[in-house]
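Respectively, the protein sequence lines represent chains A and B.
The first sequence begins at 15 in the working numbering and counts up by one.
The second sequence begins at 27 in the working numbering and counts up by one.
Since the hints were made in silico from the structure, they are not lab data.
As the structure is a computational prediction, the values presented were derived from the model and not from experiment.
Where is the CB? At the ideal position from N, CA and C, for every residue including glycine.
It cannot be assumed that every hint is accurate.
[What the hints assert, rightly or not] In silico DSS-like pairs for lysine-lysine, Cα to Cα no more than 30 Å straight-line:
no., chain 1, residue 1, chain 2, residue 2
1, B, K304, B, K176
2, B, K143, B, K338
3, B, K445, A, K81
4, B, K445, B, K264
5, B, K70, B, K340
6, B, K78, B, K357
7, B, K357, B, K320
8, B, K264, A, K81
9, A, K81, B, K78
10, B, K340, B, K320
11, B, K78, B, K137
12, B, K453, A, K81
13, B, K143, B, K123
14, A, K81, B, K433
15, B, K456, A, K81
16, B, K78, B, K340
17, B, K134, B, K70
18, B, K104, B, K78
[Stated by the list, open to error] Partial list, derived from the structure: chain A residues whose beta carbon lies under 7 Å from chain B:
no., residue
19, R54
20, D56
21, V123
22, D254
23, G255
24, F269
25, G271
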Amino acid sequence: MSVYFPQKKLPYLLVLPQLIITAIFFLWPAGQAVLQAFYREDAFGLSQQFVGLENFVDLFSDPLYYKSMLVTMVFSFSVAFLGIGVALWLAVMADRVIRGKMVYQTLLVWPYAVAPALAGVLWWILFDPNIGPIALFLDRIGLHWNHFLNGDQAMILVVISATWKQISYNFLFFLAGLQAIPRSLIEAAAIDGASSFRRFWDIVFPLLSPTTFFLLVVNLVYAFFDTFGVIDTTTQGGPDGSTNTLVYKVFKDGFIGLDSGGSAAQSIVLMAIVGLMTVIQFRFIERKVQY
Amino acid sequence: MRKSMIATAVLGMSVASTSFAATQIEWWHAMGGANGEKLNEIVKEFNDSQSKYEVDPVFKGTYTETMTSAIAAFRAHKQPAIVQVFEVGTATMMAAKGAIYPVYKLMKDTKTGFDPKAYLSSVTGYYSDVKGNMLSMPFNSSTPVLYYNKEMFKKAGISAPPKTWEEVETVSKKLLASGAKCGFTTGWQSWVQLENLSARHNVPFASNDDGFTGLDTKLLFNGPLQVMHITKMREWQKSGIFSYGGRRSDSAPKFYSQQCGMYTGSSSAYGGMTRNAKFDFGVSSLPYWASEVKQPDNTIIGGASLWVLQGKDKAQYKAAAAFLQFLSTPKIQAEWHQFTGYLPITHAAYDLTKKEGFYQSHPGTEAAVIQMTATQPTVNSRGLRLGNFVQIRDVINGALESVWSGKETPQAALDTAVKRGDVLLRKFEKTHN
Numbered sequence: 015m016s017v018y019f020p021q022k023k024l025p026y027l028l029v030l031p032q033l034i035i036t037a038i039f040f041l042w043p044a045g046q047a048v049l050q051a052f053y054r055e056d057a058f059g060l061s062q063q064f065v066g067l068e069n070f071v072d073l074f075s076d077p078l079y080y081k082s083m084l085v086t087m088v089f090s091f092s093v094a095f096l097g098i099g100v101a102l103w104l105a106v107m108a109d110r111v112i113r114g115k116m117v118y119q120t121l122l123v124w125p126y127a128v129a130p131a132l133a134g135v136l137w138w139i140l141f142d143p144n145i146g147p148i149a150l151f152l153d154r155i156g157l158h159w160n161h162f163l164n165g166d167q168a169m170i171l172v173v174i175s176a177t178w179k180q181i182s183y184n185f186l187f188f189l190a191g192l193q194a195i196p197r198s199l200i201e202a203a204a205i206d207g208a209s210s211f212r213r214f215w216d217i218v219f220p221l222l223s224p225t226t227f228f229l230l231v232v233n234l235v236y237a238f239f240d241t242f243g244v245i246d247t248t249t250q251g252g253p254d255g256s257t258n259t260l261v262y263k264v265f266k267d268g269f270i271g272l273d274s275g276g277s278a279a280q281s282i283v284l285m286a287i288v289g290l291m292t293v294i295q296f297r298f299i300e301r302k303v304q305y
Numbered sequence: 027m028r029k030s031m032i033a034t035a036v037l038g039m040s041v042a043s044t045s046f047a048a049t050q051i052e053w054w055h056a057m058g059g060a061n062g063e064k065l066n067e068i069v070k071e072f073n074d075s076q077s078k079y080e081v082d083p084v085f086k087g088t089y090t091e092t093m094t095s096a097i098a099a100f101r102a103h104k105q106p107a108i109v110q111v112f113e114v115g116t117a118t119m120m121a122a123k124g125a126i127y128p129v130y131k132l133m134k135d136t137k138t139g140f141d142p143k144a145y146l147s148s149v150t151g152y153y154s155d156v157k158g159n160m161l162s163m164p165f166n167s168s169t170p171v172l173y174y175n176k177e178m179f180k181k182a183g184i185s186a187p188p189k190t191w192e193e194v195e196t197v198s199k200k201l202l203a204s205g206a207k208c209g210f211t212t213g214w215q216s217w218v219q220l221e222n223l224s225a226r227h228n229v230p231f232a233s234n235d236d237g238f239t240g241l242d243t244k245l246l247f248n249g250p251l252q253v254m255h256i257t258k259m260r261e262w263q264k265s266g267i268f269s270y271g272g273r274r275s276d277s278a279p280k281f282y283s284q285q286c287g288m289y290t291g292s293s294s295a296y297g298g299m300t301r302n303a304k305f306d307f308g309v310s311s312l313p314y315w316a317s318e319v320k321q322p323d324n325t326i327i328g329g330a331s332l333w334v335l336q337g338k339d340k341a342q343y344k345a346a347a348a349f350l351q352f353l354s355t356p357k358i359q360a361e362w363h364q365f366t367g368y369l370p371i372t373h374a375a376y377d378l379t380k381k382e383g384f385y386q387s388h389p390g391t392e393a394a395v396i397q398m399t400a401t402q403p404t405v406n407s408r409g410l411r412l413g414n415f416v417q418i419r420d421v422i423n424g425a426l427e428s429v430w431s432g433k434e435t436p437q438a439a440l441d442t443a444v445k446r447g448d449v450l451l452r453k454f455e456k457t458h459n
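For reference, chain B alone in the conformation it holds in the complex (with noise of 0.2 Å):
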């Protein structure tokens, strides 16, 4: 026993000492299970592939856990060089100047290669601040698509996946009078239903170019568009076409045991299908209104980018620069994205992942690449930048909940859910002035 222990703290001091030339950098992340285990064999591969940096790979939880991890280690002087950060924690990251290092910075001072062109622009819109400059690196961004059930469409004899809502409704009729217990049903409901659908049809979802330009916005989301597409749902409940499942991918299930034909959620549940769909499905664009606009903009991204924290040594943040700059190349991207279902983030990787044949042979994945890349963003389909974004997601939610258990109609849901997200929009504009 003794022995052992002592061959254990000689083994560690000779595989430290051997480290000690590399310059090490610690990466918090939120990514578990096979993800996870992918994300350190792209590490892994970044180790080995030079001799100067190392980067030490550290699983922190949830999305939540690991910003609120890193922002705790923050105040202890104790934070890692880069921490993956959610999308709806952007607006929390950028207003804290001293505690970031904006990656467009980062890259100019420590004179690594990059080219901001080279990334899709409806992805890195999202991180950038007014001028365009990047402030994080995009790493795994997800957008709302739909999936369908390809054997239940066939047994109600429809032959092509709907475009439109109004499809989706006709579609949804048949599906039922074939048997089926709803038409479709949702994930993340404030993300797809209400802040996609306000991107899809270019309508603002809050001022400021949603929050892009300043602290003062207010939320528009009880608008007409906004409005009449949760009357429409609300409706479809009550005939069945839709059926609520939970809040986050809660209702997945409803769609894996064949309960509803289609289901709107994430790109990157792509993964989850193949596995727990026991059936053949397809992926198709997020639905529009046909009714409202001819050309559906592009959707906004989910998922998190890679923040760079301050109060690091040069050493480090070069090495810091030096594997953010690995993490964009083609290959490292294309694998990823085939491998996770993420959005390659890189024009390169897209054609990359084009040429190796990937989408023939995986029917469906890219239907995700080519809506977030067919129309050039506008103002309202970029991104949102909201602060105290997470707690504004619970109140859409809480409404949402409201509309769907008919406690509240739609438009005095979204009215008191834009009203109590106000508050806290002034909240954070107080904290950040």
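Next comes chain A alone, as it looks inside the complex (with noise of 0.2 Å):
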């Protein structure tokens, strides 16, 4: 569908102000990235020095920058993965629920209100070896629990905590897209005999498809972008980089570290690294895809 407009200039103008606000809160900030990526500065900003690929040369010698990477797909992709798949499992649920469908819709959906970083303290308080109540029921299980050492336990604490808010917002697509599926399908494959596992598998599933494409792309981006708050108030980056994401180095670096051209050089190579990510899953895995 096509809309014209009798003079040329007015859709441009009708865009314009979203075309301000993308140039000044975007791309200038990102331009202002790319070129400080090419500088050595002091914190102060007292003295600055072109050092042109150094940052780059810096970042690309050092071990612990690879391991970080390790860590951000290990953690990104199980808190795409652990959301996507408990969100699907919960708006199905949900879907069937006849009584009651309100309270528990809107229960699933009310943690996505909650700030990333309130999330991050919740799940540290509920999780202190010391005073966490499912810490301290881990221990009486036999299941020794220490993040603080434990690298793998520190990842896991990491991921719920990131995954729980996401989950909520994941539900929501999924019961809309749950709903916007035809009722006469389902039933016409239950009357020729479907089992309730093989109705979901061959026909909501690949009807979802195209609702668990777009998820997954947001989700790999939050799990990126938008996670170094509830590293902070989880692990700070601990045990021993463990749980250190690129995007909490790119903050640890830049804000604590006061590494201007380091965490420049950081966040180009994340940009890259996520750009290239969504590019191979257009490509890709959206063919897949049934719309």
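Dock the two chains into a complex; use the hints.
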């Protein structure tokens, strides 16, 4: 569907406010970051020195940076798959509920209203090895919980904290997707004798694939960029860097370490990685999506 | 609604006009909670005591947030006159020569009475240049001490707190035998178990007199003493004598909940202790290795100091100088020391607190002061001046955690930490050359 405007200028005028906002809040800072990545600067900005690609060379000769990349991959895919899986399961369940439907749905959406940092603090208290109820419970059933020392447990903790909120968001989309599936399709399959699992796998899931694909992209972007609050309030990247994701490293080196050049170089690399991943997703996974 | 808005506006203007006469300066700080209220009280006392100057205290969040927002503000030419910076930010501030107004110079330029000898040298050493000039004004300084659970000690039949690490071992064994889950735990592991360990045994933590005399400093904390101590702690951890509970002060609940009988942490945790420990506790000096030294040196400080920033006018600097002088008066210092548990930074404040009988009524509070003043600081115990120290601490925390989790041996972990830390130091050196 196309809309034709009588004059040529009007459409540009209409999108101008959005363009201005994008330019001021996205393009300009991003341009600054690109510039900064080629300079070495002291914290106060008193001296600035062009160093070419040195910040990037430093970055790629640092073994910790590769470790951080690996950590980020594990973290992001865990968050995305766990978030999508649990939300899909909850949405299918909530869709079947007949009595008190609204109550279930509202309660499941609630966590989305919690700020990321707050979600972090919440889980941090629950899992605190010294005082956390969950940690004490795990200890009682023989599973020694100490995310201050155990890198895998620390990773589980940040994945849970980061996913928890995101489940609500995914849930909402899946529920809407489920409600858009024509009942007649499912009923016809049921008459043909398909089990509830087959009905889900052969009819519901493929019909939900546009939603799932959209959520995969959104969740990965979320895990890559929006999770440093959660990590800061739970593990601060520890123990020994096992939860030090790329975005948290950008934050830590830039804002705590006051190394603007190195941090800017990192954010450019991060931007490139996520851009590349999104392209890959659209080229290869989207083909399997049935609209 | 409208009327009340106008009323507020008029009120606001009249308030503003009365304070026009006074020179206003801002002080950005990181003191939240009870300490923040005390700070506001002190500022109010200053503002009420005279009419020429007015200090406006602004709470900016954590130490890191306060420092980064002051730096960001400086870059935007909106900096406060005074900012509180934590001790690990010291090297960054000192290196920013065009951004700071050294306190000794401020005092001289404004002709404000100022005697550097009035301050505890183990405190001011951290903030002075090699010639002994004070660059920032110490404000809240703490030092690591040993807290112990008197009730658990009694149950285990222990009469006195351990003075040495050797005694910590024997005492801990008794505690474990009497049913304790662990002997001791520690807060701020890099600060307590490596930085202060080195200072207390007069062993360098880094070259160039711990970074005081140059920027080409190299880390030295992988020496025999430090490796021995960390190896011992790893052994203790296996036998339950030591239990690791996290970076910063995350481990304090292990002491509060009476799992561990001892806790090595900041002297400024005293206030929190009295609130959270539902048992009788004592404070003692930080242990040392009797096998290494006969007489331990002073410990080094943590906490923060006040830096004056460039770019203000003369009147504002006069206000800043007057305020810093006010903060150093014995009465204010003693008040602050007694309320917060931070060290008194002047001899006069210490004497005043003694005279008031505070240490008798609050046993243990003097331990930190005695530990700081018993000996003359050496080049290895006056403090650390390392660029990118925040990240170096992070590297050390990571290394120690890999020891506690058994992934690496103490020697290998400390060697790696030194290597990684040196990279950060070289980066700082390059930036400031």
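Hints versus structure:
1. B:K304 with B:K176: holds, 11 Å
2. B:K143 with B:K338: Roughly 28 Å separates the two Cα atoms, so the pair holds.
3. B:K445 with A:K81: Holds: K445 (chain B) and K81 (chain A) sit about 17 Å apart, inside 30 Å.
4. B:K445 with B:K264: Cα-Cα ~27 Å, so holds.
5. B:K70 with B:K340: Satisfied, since the Cα-Cα distance of roughly 23 Å is no more than 30 Å.
6. B:K78 with B:K357: holds, 21 Å
7. B:K357 with B:K320: Between K357 (chain B) and K320 (chain B) the Cα gap is close to 37 Å, so the pair fails against 30 Å, i.e. violated.
8. B:K264 with A:K81: OK: K264 (chain B) and K81 (chain A) at ~28 Å, within 30 Å.
9. A:K81 with B:K78: With a Cα-Cα distance of about 57 Å, the restraint between K81 (chain A) and K78 (chain B) is violated, given a limit of 30 Å.
10. B:K340 with B:K320: Cα-Cα ~51 Å, so violated.
11. B:K78 with B:K137: holds, 16 Å
12. B:K453 with A:K81: Given pair K453 (chain B), K81 (chain A) holds - Cα atoms ~21 Å apart, limit 30 Å.
13. B:K143 with B:K123: Between K143 (chain B) and K123 (chain B) the Cα gap is close to 24 Å, so the pair holds against 30 Å.
14. A:K81 with B:K433: holds, 16 Å
15. B:K456 with A:K81: Judged against 30 Å, a Cα distance of about 25 Å means the pair holds.
16. B:K78 with B:K340: The hint holds at about 13 Å.
17. B:K134 with B:K70: holds, 26 Å
18. B:K104 with B:K78: holds, 22 Å
19. R54: Hint holds; R54 (chain A) Cβ to chain B Cβ min 6 Å, cut 7 Å.
20. D56: This hint holds: D56 (chain A) lies near chain B, its Cβ roughly 5 Å from the closest one there, short of 7 Å.
21. V123: Constraint on V123 (chain A) not satisfied, violated at 31 Å.
22. D254: Cβ of D254 (chain A) sits 4 Å from chain B, so the hint holds.
23. G255: At about 6 Å, which falls below the 7 Å cut-off, the nearest Cβ of chain B leaves the hint on G255 (chain A) intact, so it holds.
24. F269: holds, 5 Å
25. G271: Holds: closest Cβ of chain B sits about 5 Å from G271 (chain A), inside 7 Å.
Hint check: violations occur at hints 7, 9, 10 and 21; the rest are consistent with the structure.
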